[in-house]
Amino acid sequence: MKALIVEDEPLARQLIAQYLSVEKQISAILEASNGFDAVRIINKEHPDIVFLDVELPKLNGMEVLELIDFQPAIIFTTAYDHYAISAFEKNAVDYLLKPFSEDRFRQALGKVLNNEFTGIKDLKNEMPGTIERVVVRTGNKIKVIYIDEIKFLEAQDDYVNIVMEGERHLKHQTMKFFERNLPEKDFIRVHRSYIVNANCIDQIENYEKDQYLITIKENNSQKIPVSKTGYNKLRNALNF
Amino acid sequence: MQHPVLSNKRILILYYVLWVLIIAGNSLILINYLNYEVLPSIIESTVSFILFSLFGLGLWYMERYTNVSAGAQWDQWMTHFGAMVLGIVTWLGLQYVILTNLGPHSGFFKDTFLSALPIKISTGVLFWILITLVFYVFSYHDKLHDKLLMEAKLKENIQQAELERIKSQINPHFLFNSLNSINALVLIQPVQARDMIVKLSDYLRKSLQVKADQIHSFQEELSNLLNYFSIEKIRYGERLEINTEITKPCFEAQLPSMILQPLMENAIKYGVESAINTASIALYAKMRDNELVVIIENSIEGNNMRKGTGKGLNLIRERLQWVYGELDLLQIIKKENTFTVELRIPQQVPEKHLVAS
Chain A
1 MKALIVEDEP LARQLIAQYL SVEKQISAIL EASNGFDAVR IINKEHPDIV
51 FLDVELPKLN GMEVLELIDF QPAIIFTTAY DHYAISAFEK NAVDYLLKPF
101 SEDRFRQALG KVLNNEFTGI KDLKNEMPGT IERVVVRTGN KIKVIYIDEI
151 KFLEAQDDYV NIVMEGERHL KHQTMKFFER NLPEKDFIRV HRSYIVNANC
201 IDQIENYEKD QYLITIKENN SQKIPVSKTG YNKLRNALNF
Chain B
1 MQHPVLSNKR ILILYYVLWV LIIAGNSLIL INYLNYEVLP SIIESTVSFI
51 LFSLFGLGLW YMERYTNVSA GAQWDQWMTH FGAMVLGIVT WLGLQYVILT
101 NLGPHSGFFK DTFLSALPIK ISTGVLFWIL ITLVFYVFSY HDKLHDKLLM
151 EAKLKENIQQ AELERIKSQI NPHFLFNSLN SINALVLIQP VQARDMIVKL
201 SDYLRKSLQV KADQIHSFQE ELSNLLNYFS IEKIRYGERL EINTEITKPC
251 FEAQLPSMIL QPLMENAIKY GVESAINTAS IALYAKMRDN ELVVIIENSI
301 EGNNMRKGTG KGLNLIRERL QWVYGELDLL QIIKKENTFT VELRIPQQVP
351 EKHLVAS
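The listed protein sequences correspond, in order, to chains A and B. At position 138 of the first sequence (counting the first as 1) the number is 138 in this note's numbering, and the numbers step up by one without a gap. At position 124 of the second sequence (counting the first as 1) the number is 124 in this note's numbering, and the numbers step up by one without a gap.
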């Protein structure tokens with residue numbers, strides 16, 4: 001059995017490695033100190049079990065899970081997380097609150113070694129709270145998009161097209177997810193297929209009775225249709 | 001609130017000077033237009049207005065305990081009106097009793113009192129209303145002043161409470177991760193574990209002790225900062241490095257205690273968070289124009305947008321403003337690869353703000 005430890009603090013890694021070193025069933029211990037390395041190693045090495053710190057540089061633990069092709073057993077480790085703990089429970093075999101005792105560690109590990117878990121459920125709609133950034137894969141690179149950079153989102157079959165200044169990225173996700181998790185004061189679902197960043201709206205024009213179109217700043221070519229309920233949401237959000 | 005006339009000698013004198021003028025004026029009117037003789041005119045004016053001046057002083061209490069304002073109730077108006085009627089009747093009665101028992105002119109006053117009654121009543125009402133209005137202005141001004149004072153005080157209290165809250169806030173991530181490091185060290189390097197426990201205890205003690213208006217030397221602040229940094233260094237190892245450049249005169253400079261701590265915490269947090277490799281922290285201090293200038297800088301790797309620090313920095317800015325009464329003591333310089341905070345600490349602290357630690 002291969003294990004991967006994803007921790008950005010060397011001592012935290014060493015502690016887990018030390019605990020794992022006496023387990024006969026663990027044949028290899030891999031280490032990663034950031035989210036990018038974690039994604040790369042999981043996709044390449046297919047570890048059976050991953051100890052994943054939630055607070056990581058660049059990509060956090062939840063974002064790592066979104067980007068992997070292979071689903072190992074996940075044990076989250078976190079020092080203090082006021083909102084996310086309940087969400088992790090759904091996505092992981094277990095979670096360890098740092099500092100944890102050796103007994104607690106072996107108990108969590110035991111769940112994996114004894115096959116007591118049933119695999120990870122669909123993560124896609126479980127992102128807790130309000131997101132600040134979105135991660136997408138472009139080729140073999142990972143791109144981190146801060147939500148301020150997003151102009152609008154467009155539904156495209158099973159994907160959402162994230163439109164930014166001069167670039168767009170597809171992400172396998174639902175509109176409902178973004179509607180729920182982006183800050184609602186900035187991002188408005190104006191149409192079944194569109195969510196608009198209110199800060200990027202240039203103008204809203206009326207082209208037929210009860211029919212409106214949004215023009216986005218510095219992007220005049222694409223006009224975004226507004227549904228009737230979408231128009232009411234806009235009016236509420238922008239106070240007109 | 002004190003009586004505006006009785007509590008101030010000069011105003012009291014002014015008050016009676018005015019009444020003497022009124023008495024003189026009234027006497028002249030009686031002599032010239034009603035053909036009174038000189039002496040009875042003076043006696044009549046003096047008795048009636050000296051009496052009234054006493055009522056006038058009493059009117060302040062009337063004003064104090066009722067509230068004639070735009071939103072005043074009907075019954076308050078009625079109270080005022082009733083008091084006026086009662087006051088003027090009493091005033092007239094007293095006048096009558098005194099004048100008709102006063103020396104050689106008592107017979108004259110007895111004869112003329114009834115015919116003078118309408119003019120006496122209207123004069124009384126006029127003065128009553130006039131004095132009430134003057135007192136109303138006085139009390140309104142006073143209340144406004146009190147209100148403004150209270151508002152300012154309240155604001156300061158809130159600000160201080162907020163400062164107390166923020167500076168004693170120990171970052172739970174830092175605390176639990178440090179404990180986790182100790183947990184690991186106990187197993188791997190027990191000697192270092194003990195060292196870490198001492199460092200962490202020092203940090204906690206300092207964080208719990210500090211008060212918003214406490215001032216201490218830069219040397220003390222620096223030792224706290226470096227202690228904090230060494231804890232973080234144990235946690236992050238190779239991933240964290242620091243550059244310091246401090247000139248010697250800085251050590252004696254005074255500054256609010258633990259004011260640099262949150263800046264160092266932020267610098268490390270955002271430096272490390274954005275860095276795959278090594279995060280560089282810089283700490284510079286020098287004296288410039290009798291001010292201590294401290295610069296804390298962290299590297300930024302990639303397009304990491306710094307979020308959610310505005311509030312913390314604003315609180316430091318407010319604390320500085322609160323202690324030194326000066327704006328713009330904290331400046332933020334954001335470049336592509338660095339985030340810099342520059343602090344100026346004046347070394348001549350206004351007396352009223354300085355509290356020795």
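Mixed in with the good hints, there may be bad ones.
[Stated by the list, open to error] Below, a list of computed lysine-lysine pairs in the DSS-like style, where the Cα atoms sit at most 25 Å apart: (1) K185/A x K44/A; (2) K185/A x K311/B; (3) K185/A x K141/A; (4) K9/B x K143/A; (5) K143/A x K199/B; (6) K143/B x K9/B; (7) K110/B x K143/A; (8) K111/A x K143/A.
[To be verified] With the C-beta cut set under 8 Å, the calculated list includes, among others, these residues of chain A facing chain B: (9) E9; (10) P10; (11) Q18; (12) L20; (13) E23; (14) V54; (15) Y80; (16) K98; (17) G110; (18) G166; (19) K217; (20) P225; (21) S227; (22) Y231.
Keep in mind that the hints were calculated from the coordinates and are not lab data. Quick reminder that beta carbons are idealized off the backbone N, C-alpha and C, glycines included.
Evaluated hints:
1. Between K185/A and K44/A, the direct Cα distance comes to roughly 40 Å. Violation of the 25 Å bound is thereby established for this hinted pair.
2. A threshold of 25 Å between alpha carbons decides the hint, and for K185/A with K311/B the separation of about 20 Å falls inside it, so the pair holds.
3. Between the alpha carbons of K185/A and K141/A the distance comes to roughly 31 Å, so the proposed pair goes past 25 Å and is violated.
4. Straight-line distance between C-alpha atoms of K9/B and K143/A comes to about 80 Å, which puts the hinted pair past the 25 Å bound.
5. For a cut-off of 25 Å, the pair hint linking K143/A to K199/B is broken: about 39 Å separates their Cα positions.
6. Distance restraint check for K143/B and K9/B: the Cα-Cα separation of roughly 22 Å lies within the 25 Å cut-off, and the hinted pair is therefore satisfied.
7. Proposed proximity of K110/B and K143/A is contradicted: the alpha carbons are some 107 Å apart, above 25 Å.
8. Between K111/A and K143/A, the direct Cα distance comes to roughly 34 Å. Violation of the 25 Å bound is thereby established for this hinted pair.
9. Evaluation of the E9/A hint against chain B yields a held restraint, the C-beta minimum of about 5 Å falling below 8 Å.
10. Interface restraint check for P10/A: the shortest CB-CB distance to chain B comes to about 5 Å, inside 8 Å, so the restraint holds.
11. Here the hint on Q18/A is kept, as its CB sits about 6 Å from the closest CB of chain B, short of 8 Å.
12. Nearest Cβ of chain B to the Cβ of L20/A: about 13 Å, over the 8 Å cut. The hint is violated.
13. Because the smallest distance between the Cβ of E23/A and any Cβ of chain B comes to about 15 Å, over 8 Å, the interface hint for this residue is violated.
14. Here the hint on V54/A is broken, as its CB sits about 10 Å from the closest CB of chain B, past 8 Å.
15. For Y80/A, the interface hint holds, since its Cβ comes within 8 Å of a Cβ in chain B; the closest pair sits about 4 Å apart.
16. Hint status for K98/A relative to chain B: holds, with the closest Cβ pair at about 4 Å, below 8 Å.
17. The closest approach between the C-beta of G110/A and any C-beta of chain B is roughly 20 Å, which is over the 8 Å cut-off, so the hint fails.
18. Annotation: G166/A was flagged as interfacial toward chain B, and the flag is violated, the nearest CB pair being 15 Å apart, outside 8 Å.
19. Here the hint on K217/A is broken, as its CB sits about 19 Å from the closest CB of chain B, past 8 Å.
20. This hint is violated: P225/A has a C-beta 30 Å from the nearest C-beta of chain B, more than the 8 Å allowed.
21. For S227/A, the shortest C-beta to C-beta distance to chain B is roughly 32 Å, which exceeds 8 Å, and the interface hint is violated.
22. Taking 8 Å as the C-beta cut-off, the interface hint given for Y231/A is violated, the closest approach to chain B being about 31 Å.
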